[in-house]
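Chains A and B, in that order, give the protein sequences.
Just so we're aligned: 67 in this note's numbering is position 67 of the first sequence, and the numbers increase by one with no gaps anywhere.
Just so we're aligned: 170 in this note's numbering is position 170 of the second sequence, and the numbers increase by one with no gaps anywhere.
Relax, there's no trap hidden among the hints.
Using 25 angstroms as the maximum straight-line C-alpha spacing, the simulated DMTMM-like pairs for lysine to aspartate or glutamate come out as follows:
1. A:K30 with B:D133
2. A:K30 with B:E249
3. A:K117 with B:D218
4. B:K220 with A:E59
5. A:K30 with B:E162
6. B:K32 with B:D218
7. B:K135 with A:D89
Derived by calculation from the structure, the hints in this document are not laboratory data.
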Amino acid sequence: MVIYGVSFLGACYILGQLVGEFLAKWIGVKANVGGVGFAMLFLILAHDYFNKRNLFSAEAEKGILFWSQMYIPVIVAMSATQNVVVALDSGLLAILAGVIPVFMCFACIPLLVKLTKSPLNN
Amino acid sequence: MEIILNFLEKNGLIVAFVAVGIMSYLGFLISKHVLKNKIPGAAVSILLGLIVAYFSGLHTGGSKGIADISIFSGMSLLGGSMFRDFAIVSTAMGASFLLIRQTGLAGAISLVLGTTVSFVGGAIIAMFFGYHDAKSMATIGAGACTFIVGPVTGAALQASSEVIALSIATGVVKSIFVTISTPFIAPYIGLNNAHSAMIYGGMMSTTSGVSAGLAATDTKLVPYGALTATFATGMGCLLCPSVFYLILEKIL
Numbered sequence: 001m002v003i004y005g006v007s008f009l010g011a012c013y014i015l016g017q018l019v020g021e022f023l024a025k026w027i028g029v030k031a032n033v034g035g036v037g038f039a040m041l042f043l044i045l046a047h048d049y050f051n052k053r054n055l056f057s058a059e060a061e062k063g064i065l066f067w068s069q070m071y072i073p074v075i076v077a078m079s080a081t082q083n084v085v086v087a088l089d090s091g092l093l094a095i096l097a098g099v100i101p102v103f104m105c106f107a108c109i110p111l112l113v114k115l116t117k118s119p120l121n122n
Numbered sequence: 001m002e003i004i005l006n007f008l009e010k011n012g013l014i015v016a017f018v019a020v021g022i023m024s025y026l027g028f029l030i031s032k033h034v035l036k037n038k039i040p041g042a043a044v045s046i047l048l049g050l051i052v053a054y055f056s057g058l059h060t061g062g063s064k065g066i067a068d069i070s071i072f073s074g075m076s077l078l079g080g081s082m083f084r085d086f087a088i089v090s091t092a093m094g095a096s097f098l099l100i101r102q103t104g105l106a107g108a109i110s111l112v113l114g115t116t117v118s119f120v121g122g123a124i125i126a127m128f129f130g131y132h133d134a135k136s137m138a139t140i141g142a143g144a145c146t147f148i149v150g151p152v153t154g155a156a157l158q159a160s161s162e163v164i165a166l167s168i169a170t171g172v173v174k175s176i177f178v179t180i181s182t183p184f185i186a187p188y189i190g191l192n193n194a195h196s197a198m199i200y201g202g203m204m205s206t207t208s209g210v211s212a213g214l215a216a217t218d219t220k221l222v223p224y225g226a227l228t229a230t231f232a233t234g235m236g237c238l239l240c241p242s243v244f245y246l247i248l249e250k251i252l
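Extracted from the complex, chain A is given alone in its bound form (with noise of 0.2 angstroms):
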């Protein structure tokens, strides 16, 4: 049944953000420390358990595939609810703060998966 797959991402999601709210609460952080990627990475090994031992039925899966294919319809729904006045009319020093770092992040990219592919590859 599709609910199965529902319930199984919405357990792998409870989890992971519990993990990260746990996690902040610890380390002292007002902010949730990796949830998502907590659940996620629950997701990957839990779905990867049940399917090695046929348990995940092809119709449980689609009740996770759904979700994966609303993702960007629900990105389009961010994009219409951000606060794009306050980030236009705010002047130039957030514009500037808000860009220029990113470029320079980008720059980083390309160096920085140059430095750790070769070993991990080897």
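Using the hints provided, position chain B relative to the given structure of chain A.
Below, chain B without anything else, positioned relative to chain A:
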């Protein structure tokens, strides 16, 4: 008319499904016929969303884009963090654990480097605009990480509300800029595989920017980028008001 408006308001989430469906369709139409598929439909739809948010914001004076128009209030649920994170997690279905494990270290390095570079860049720009105290520079630098790290840092350091507002605006600008620029910059920085996507997620920090930027570039990369980006806000909240602030204070 009132009956219709009340009805739509009560069924906000369903209205949001219809509205997003229409916006996506328009995005794909524009992509296909006006832009001749040079920019993917998803990217156009996301950009369309931002434009809609801008004009809605001008119209209502609110902070939640189209969701401030009462019949579209459901958009803030569909586009809120719950559905966003839920959908991001679901994309992990297609991700390979082997690739993630291989790139784990690179992802971790990129998280630290991304937070550092953004903080330093933001703080230096703040200095050029006349903020010479460590508190304000650190808060704006933190805002250059994400729009959550900025106010968290500002509150911890007791920065002025004007500076905290600036740091939030900086983070929002960043998120929007990452969204728009990623598909254009992707070919130049080799952003076409899981390895570089994980590094990209860590370097860019902003979950909303990364998730939207990768959606507009290549959906296959979403889980890898999102996986590291989701740790970035926590990393920023940990480093900015503590280590980074203390170092900045020493330098000044």
